[in-house]
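Generate the whole structure from the sequences, applying the supplied hints.
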Amino acid sequence: KKQTFLKAIEEHDVTLLLGSTGCGKSTQLPQFLYEAGYGSFTLGGATSSSAGSRAGPQPENERPMKIGVAVTRRLAALQLFERVVEETAKPDLVGYHIRGEASPSLE
1 KKQTFLKAIE EHDVTLLLGS TGCGKSTQLP QFLYEAGYGS FTLGGATSSS
51 AGSRAGPQPE NERPMKIGVA VTRRLAALQL FERVVEETAK PDLVGYHIRG
101 EASPSLE
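The sequence shown: position 76 = 76 (the numbering used here), numbered continuously.
Just so you know, the hints here were simulated from the structure itself, not pulled from any lab data.
Bear in mind the structure is a predicted one, so any value in this text is a computation, not a measurement.
Using N, Cα and C, we set each Cβ at its ideal position, and we do this for glycine too.
Do not rely on the hints blindly, as some may be mistaken.
[What the hints assert, rightly or not] Cβ pair distances, simulated, as ranges:
#1 V14 <-> T72: 15 to 23 angstroms
#2 A89 <-> E11: 27 to 35 angstroms
#3 R99 <-> A8: 27 to 35 angstroms
#4 T4 <-> I67: 14 to 22 angstroms
Shown next as structure tokens:
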């Protein structure tokens, strides 16, 4: 399923995902994207992740791509943040922003 998802993302401008509650849409899919290099300056993971700096000079106007998940409720957003931090063990890569309040990793 991971490869099918990544292939669909590569081949289409828009990809819609349908899945039941708890299937990993908000937790697993962003991690798949990160592992495939979508959190890097260039795709394919050829450069370091958005949390670090890549080798060589970085152009001023170039920024790392970000992976976002929109959640409509505050409690759900905070629970998702905590879950992904726990699963990835990389709190500096995960953050949230809720009406002006942001996680320390985004400040």
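Original post:
Between T4 and I67, is the Cβ distance one that fits in 14 to 22 angstroms?
Top reply: holds, 18 angstroms
Subject >> Range hint compliance [Cβ, R99 to A8, 27 to 35 angstroms] >> reply: holds, 32 angstroms
Subject >> Range hint 15 to 23 angstroms (beta carbons of V14 and T72) holds or violated >> reply: holds, 20 angstroms
Subject >> Range hint compliance [Cβ, A89 to E11, 27 to 35 angstroms] >> reply: holds, 31 angstroms
When held up to the earlier numbered hints, the structure conflicts with none and fits them all.
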